[in-house]
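Participant: Sequence:
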Amino acid sequence: MSANTPQACVEDFTAALIARDMPAALALLTDDVVFFYSNGATIAGKDAFAALMRASWAVVEDYEYSSGGAAWIAETEAAAAVVYSFAWSGKARGAEVSGSGRATRVLRKEPGAGWLVAHEHLSSGQPPGAR
Numbered sequence: 001m002s003a004n005t006p007q008a009c010v011e012d013f014t015a016a017l018i019a020r021d022m023p024a025a026l027a028l029l030t031d032d033v034v035f036f037y038s039n040g041a042t043i044a045g046k047d048a049f050a051a052l053m054r055a056s057w058a059v060v061e062d063y064e065y066s067s068g069g070a071a072w073i074a075e076t077e078a079a080a081a082v083v084y085s086f087a088w089s090g091k092a093r094g095a096e097v098s099g100s101g102r103a104t105r106v107l108r109k110e111p112g113a114g115w116l117v118a119h120e121h122l123s124s125g126q127p128p129g130a131r
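With the first letter of the sequence shown counted as 1, position 26 gets the number 26 in my numbering; the numbers rise by one all the way through.
If you're looking for bench data, these hints aren't it; they were derived computationally from the structure. There could be a bad hint or two in this list.
Stated by the list, open to error - Derived CB-CB ranges, DEER-like:
1. S2 x G125: 16 to 26 Å
2. K91 x D21: 12 to 22 Å
3. Y65 x T5: 19 to 29 Å
4. G94 x D31: 16 to 26 Å
5. D32 x K91: 32 to 42 Å
6. P111 x A58: 33 to 43 Å
7. G94 x A44: 28 to 38 Å
8. G112 x A92: 33 to 43 Å
9. A79 x G45: 12 to 22 Å
10. R93 x W72: 34 to 44 Å
11. P111 x V59: 36 to 46 Å
12. D32 x A8: 13 to 23 Å
13. D62 x P111: 39 to 49 Å
Quick reminder that beta carbons are idealized off the backbone N, C-alpha and C, glycines included.
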């Protein structure tokens, strides 16, 4: 899977995660991808990301995800950055779980691979515009 625009990469990556399609998600990540999560965790590399997501998927059922308010704050021929709000919910071990916040994704265009996610930073808190 190759994304021709940073916007397509973001859409395809999100769709792959919602569908729990790890091969499709990994195809949209740089080899040196780094994730910062709102709980303070740092996930470096595709293998670490895949392991974390598979462990989460084994626990969380009835997963729902939404994002909105995307603002592309930078876009060149080689790199792009977007900020957006997100919310998720599901059931883990019979209990309702949820979270929301803001996120930043940094993408870069790699020869022969198209646009890929190089970094994501999630922070907890209310989405922009919420009171």
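Participant: Hint by hint, where does the structure go against what was stated? Just the numbers, ascending.
Facilitator: As far as the earlier hints go, 1, 4 are violated by this structure, in ascending order.
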